[in-house]
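Asks: If you want the building blocks of each chain, they are given just below.
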Amino acid sequence: MDILELTPLVEALIFAADGPIKAERMAEALELPLAEILAALDALAADYAESPRGFFLQQVAGGYQLRTRPEYADYLRKLGHSRPFRFSRPALETLAIIAYRQPVTRSEIEYLRGVDSGSVLKTLLEKRLLRILGKKDVPGKPMIYGTTREFLELFGLPDLSALPTLREFSELVPDQDNDDKSGALPLLVDEEIFADDSTGESRDSFSEYD
Amino acid sequence: MDILELTPLVEALIFAADGPIKAERMAEALELPLAEILAALDALAADYAESPRGFFLQQVAGGYQLRTRPEYADYLRKLGHSRPFRFSRPALETLAIIAYRQPVTRSEIEYLRGVDSGSVLKTLLEKRLLRILGKKDVPGKPMIYGTTREFLELFGLPDLSALPTLREFSELVPDQDNDDKSGALPLLVDEEIFADDSTGESRDSFSEYD
Amino acid sequence: MDSYAIQLDNFEGPLDLLLHLIKKNEMDIYDIPIAAITEQYLVTLDAMKNLNLDVAGEFLLMAATLLHIKSKMLLPKIVEEELEEDEEDPRAELVRRLLEYQKYKEVSQTLENQPQLGRDLFARAAPEPEVLEEAESGFIAVGLFDLLAALQDVLRESPEPFVHEVNMEQLSITDRINAILTLLQGQESMAFGDLFSGGIKRSEMIVTFLALLELVKLRMVRFMQNVRHGTIWIFPAVELGKVDELDVGEDSLGYS
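Chains as they are written, first to last, in this note's numbering: chain A, 1 to 210; chain B, 1 to 210; chain C, 1 to 256.
Be aware that a few hints might be false.
[As the list claims (entries may be wrong)] In silico EDC-like links for lysine to aspartate or glutamate, alpha-carbon gap of 20 Å or less: (1) K122/B to E168/A; (2) K217/C to D137/A; (3) K78/B to E5/A; (4) K78/A to E24/B; (5) K22/A to D74/B; (6) K78/B to E28/A.
Please keep in mind that the hints were generated in silico from the structure rather than gathered at the bench.
Same shape as in the complex, but just chain A:
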């Protein structure tokens, strides 16, 4: 392959690699002799040196990698600051439970999740997606949690009644959820999000204890 053709191709391979990539590996993928790859790498390095780009070619860990120029670090860090928060699985689970079952106590959440949820609750409270609605009038006076306006905004919901129900979700693939109907999903099987007639009884009996 012509070096003028090969150079951008080698650049693409390095660009798309998820870490430093060895010259040998590129040679193998392109079915070209290593010498040609090395020549293209030289041409690429020369090209970057001649007309400075935002990144440069670094030989690292036995391979090649494109890296942003160190003098841009400050700007990049600045952009990093507005990196959005990605929900962890525990956070999303906890949020889901609270959204659908509010008002709800921590022990109810932990019962459902089967794990301590204190730190997740704290994070969600800090992110203002949850709020404390008050204390439950049962022994121990546990705090009860609910979602906030910010929660609705984040999910683009006009109000809580716009939350889709699990039944609608399950209906997407009906046969897959056959067994669920019998017991695994008794919480939200009907239209009304907070009323669950199949389990109303047991919910009451549960809440009187906590």
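Since the structure of chain A is already known, use the hints to place chains B and C on it.
Replies: Same frame as chain A, but now just chains B and C:
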């Protein structure tokens, strides 16, 4: 900042971002007027056009991203970069209907396709190409679907208005005002992609893409 | 017959099949000869059945629709002139659906041919390390689907469904109290959550909870938190050597 200095810096910001990055966000991070960023973006695009690189600048999902040139796809796939996801025909059809007619309910999709689309919807939701926008304010409160940012990214679209135009197979029979009587869907027969007066409120949810 | 089978398998649904028949017979989609298309459609369905293909309900529904349209078309049009405004061609809705479907069928092919990220184009896989380290602020938009899916997962994995258990095994609160005190022996404190971890049954949870409440009432343990919303710690409030002598019999607690 001098455009000759700014261009590689902008290139670095795009290079380092973990997804398409908006010009506004770069302007903010660099504390520069948007116009300067846009000028640098133009310079960058011109630069890439002049001396072809392994990648090009694509305007996608409201931002900018560097992507490898399509003609290198075979080599990159060889290096293990392929995504194992291939669209089935039902998935593509469903996705197309939703992309053009969003916000749309499942029954509208199924009316158009003539077949049950539950499992396809679920798959597309799992792939994050679709999202639930909320519920339609009609009896039964069906969920309404729309496409995501990931959808735009996958197909390299700057926004929804960049979708390929639908080929109109005809001007329909002129008097179509009575189709609502029959309970049929108001079918979309005009140029305006999102004209669907019944769900005006959910149009807001698209603004995040603009 | 073989090629026929392959074709039949390829139909996405009844509309797809109808479009195919219309094209194959070079029919005018705006003036579909309903008797002819109905016949062809039914023949195809028969062929599908003969080939033991699963003819989905949707195909049968369309057959019924076609027959219905056909019968409507056969009815003499009484006072045609007067009713012409209101009376729609019985085929109109079907034509609209077909045209609409055709549009999306076609554009979905265009979409398929569009360069796709991950198939034809590749973006950078690894963001700069210095960017990754940074503190997080706003939120990545999460779809409602993720919220629902998370809830469904929780409920699936939940130790037991919220259903009323009638044949619950009788667990003694006293036993549980003693077990908790035993656990507390030799350690300064224990996390509240630890008593409920390990996938224990709902009935056990309730008994454990009641036992804890009793212990607090009896001032045998104290609950403490380092920070608000932090982990609840359980501290023994009495000298544990004396525990055995305390009377925590069922009767004194008011439970049986």
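Asks: So, for every hint listed, does it hold in this structure?
Replies: Cross-check of the supplied hints:
1. K122/B to E168/A: holds, 11 Å
2. K217/C to D137/A: holds, 17 Å
3. K78/B to E5/A: holds, 18 Å
4. K78/A to E24/B: Given pair K78/A, E24/B holds - Cα atoms ~14 Å apart, limit 20 Å.
5. K22/A to D74/B: Cα-Cα ~19 Å, so holds.
6. K78/B to E28/A: Within the cut-off at roughly 10 Å; holds.
Checked against the numbered hints above, the structure breaks none of them.
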